[in-house]
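Trainee: Those sequence lines, one after another, are chains A and B. According to the working numbering, the stretch in the first sequence is residues 53 to 239, in order. According to the working numbering, the stretch in the second sequence is residues 31 to 205, in order.
If you're looking for bench data, these hints aren't it; they were derived computationally from the structure. Computed from a prediction, not measured in an experiment: that's the story for all the values here. Every residue, glycine too, gets a C-beta built ideally from N, C-alpha and C. One or more hints might be untrue.
Claimed, not checked - Restraint ranges, calculated between C-beta atoms of paired labels, are given here:
1) B:F124 - A:H142: 51 to 61 Å
2) B:I67 - A:H230: 16 to 26 Å
3) B:N78 - A:H142: 56 to 66 Å
4) A:I85 - B:D165: 19 to 29 Å
5) A:I85 - B:F179: 46 to 56 Å
6) B:V71 - A:G89: 26 to 36 Å
7) B:P133 - A:K94: 31 to 41 Å
8) B:F124 - A:P173: 46 to 56 Å
9) A:G195 - B:P63: 39 to 49 Å
10) B:L173 - A:Y196: 53 to 63 Å
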Amino acid sequence: MRHHVLRIMLVIMAGLMVLSIGGCRDLLTKHNIDLDGAKHGKKLYSGAKNCTSCHGINLDGNGFIPSCYSCHDQLWNKDDHTVYVSGVPHLLGVSSVDACRKCHGQDLKGSKIRDGKQALPSCYECHDDLWTGYAFHSINEEGYMHAPGWESPMTSGCTDCHGPTLQGGTARSCYSCHGDEWNEGHD
Amino acid sequence: MVLWIGLVLFGSGLYASQYVFSVGTTLTLKNVPLIGISGSVAILSEPNDRTIYEYQLLSHVLRGIVFNAPGGDGFESGVLIEMETYEFGFYHLFLEDNYYWGPGVGYGIAQTREVNQAESRIGQQDPSPFFSAKDIHYGVLLLKIGKTFGKYICELNVSSFGGLIGGSALCGITY
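This is chain A alone, in the form it adopts within the complex (with noise of 0.2 Å):
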């Protein structure tokens, strides 16, 4: 009877045996997504840290499991990057580019390749030139930056990238925080 039960536990063991090692669950068969010829996973986009089950504590391999970093440069992994647009991790909490330039560059073209291996993405390659209109957005108002003449912008040029009615084009809208106070009082 004892030995029967020993049984039975040794085999619940190893079923939650594998399941404990189930965080290392999408194997390869669920690296679908082809980015530059290299498979990834879903769960790149959902933060470097879900890779970690099987590709290590710092995404540096795991036994056969291969290390990011034989493709990635070492920027890329950061978890500061935890605001998502489109599927794009972007730095929490940031309301001007200038923050970005200190890792994507002073023109925010990032630097694709280092070392022959994937770097800094370039801005450009989502938001294109819009971010040359950063540039003149030189007063900060309670940390956004706003572009001269923001107090009659229906007048002063805002609505050619944030849409004829400032809620938003090109340009993200400006009810987003202004509300619609446009409407009232700026008209």
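Chain A is fixed; fit chain B onto it per the hints.
Mentor: Same frame as chain A, but now just chain B:
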């Protein structure tokens, strides 16, 4: 985890059991070496005279530091890495005389933090492959060898440590 604990209690109730409390030091070898202290609570079950099952809860508090060599602009960056982990491991150990050894598997949750990280710049390599995050999950393969000295034990654990490759030396007391 509840299932694990239930199984531990269930398993420990079946056979003669001992509880082990131990402390020691841990070192990782790959990339930036981390070193620190560890503590563990374990239950040993002996289904027979030659076999031990060990269920171990282990905690590590580790630190490491890495510097980047100054570049052409004299820029130097340094990163202090702090890591705290909690692991649950199961060992199948073989007992002979006062020695025991055997393999194990485990699962852990870690929290890492990079302190005083210099601002990285284009062309400047970040010296640390770690990153700051909570709830970093990892699996471990383990190998243990130890010796008992009456009520006391000392043991050496070799661990894959989620790819970091390391080991712990622990000594403790059994009840």
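Trainee: Give a verdict on every hint.
Mentor: Against the structure, the hints:
Between F124 of chain B and H142 of chain A the CB atoms are about 53 Å apart, so this pair conforms to the stated range of 51 to 61 Å. Checked against the given bound of 16 to 26 Å, the beta carbons of I67 of chain B and H230 of chain A, roughly 53 Å apart, lie outside it. For N78 of chain B and H142 of chain A, the Cβ-Cβ distance of about 59 Å falls inside the hinted range of 56 to 66 Å, so the restraint holds. Range check, I85 of chain A to D165 of chain B: Cβ separation about 23 Å, and the 19 to 29 Å hint holds.
Distance hint for I85 of chain A and F179 of chain B: a CB-CB separation of about 54 Å, consistent with the stated range 46 to 56 Å. Checking the proposed 26 to 36 Å range against V71 of chain B and G89 of chain A shows it is violated: the Cβ atoms sit about 48 Å from each other. About 32 Å separates the C-beta atoms of P133 of chain B and K94 of chain A, a value consistent with the hinted range of 31 to 41 Å. The beta-carbon spacing between F124 of chain B and P173 of chain A, approximately 52 Å, falls within the hinted interval of 46 to 56 Å.
A beta carbon spacing of about 41 Å between G195 of chain A and P63 of chain B agrees with the range 39 to 49 Å that was offered as a hint. Between L173 of chain B and Y196 of chain A the CB atoms are about 56 Å apart, so this pair conforms to the stated range of 53 to 63 Å.
The structure fails to meet hints 2, 6 from the earlier list, while all remaining hints are met.
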